[in-house]
Amino acid sequence: MSTTTGDLVDQVTCADAIDPTLLERVRHEVLTVPHDWVSGYSRCQSGGWGTLSLLNDTGDAIGDATPVPTDLLERMPTTRALLGELGLGYMWARLALLGPASYLWEHRDYQERELTDVERHRVHVPIVATSSAFLVVGGSAVHLEAGYVWRLTPTFVHGACNAYGPARIHLILDCYADTALERLRGGERLPDRCVSRLPAADRDVTVVD
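Taking my numbering, the leading residue of the sequence shown gets 1, the next gets one more, and so forth.
Note that these hints are calculated values from the structure, not bench results. Heads up, the beta-carbon is just placed ideally off N, CA and C, and yes, glycines get one too. Treat the hints with care, as some may be off.
Derived DEER-like restraints, expressed as beta-carbon distance ranges [said to hold, decoys possible]: (1) Gly147 with Glu182: 20 to 26 Å; (2) Gly84 with His35: 17 to 23 Å; (3) Ser196 with Gly84: 32 to 38 Å; (4) Arg108 with Glu182: 31 to 37 Å.
Please build the complete structure, drawing on both the sequences and the hints.
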């Protein structure tokens, strides 16, 4: 599969449903366990983007390693159980918050030469969803509905927005292609109700660093 061109379903899909009772318990943990969101990727966002690490071995967001639970995940047993149930080959896991009127500029991940020889995917589990939040990919705005597991190929250009709020919170899992991911992908689809085609740009825009 090309990492530069492809149909929208090559880039993002709805992979599986989450048990609603389990999702509600995870949501309770996410909203009640004390934590301080960490701002990052300042060059790629407008503000309002924050993350919390759940699985990370070295502290290097792009490093290959066998991850271990953070202190935060140790205090979130239901979330940890969900990660175990999915059984993916995790590279790292985090919670990500996108606040109201916040934008994550379009970008590609894993472009470093030493990372291109291993197939990687990103799994989103929406914990707190809002109708004004979208993933921007392939010329479309895709609403990642809560109650489902979504898969993104992060080597495609993608961004995110949350126009009005409230805050959107996702469990984001970077993982390797393996048999567990293949099982998850068995029922992949992209519901029409979740996709809005964006108008083509009518002029070139030059971005200056």
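Contradicted hints - numbers only:
4
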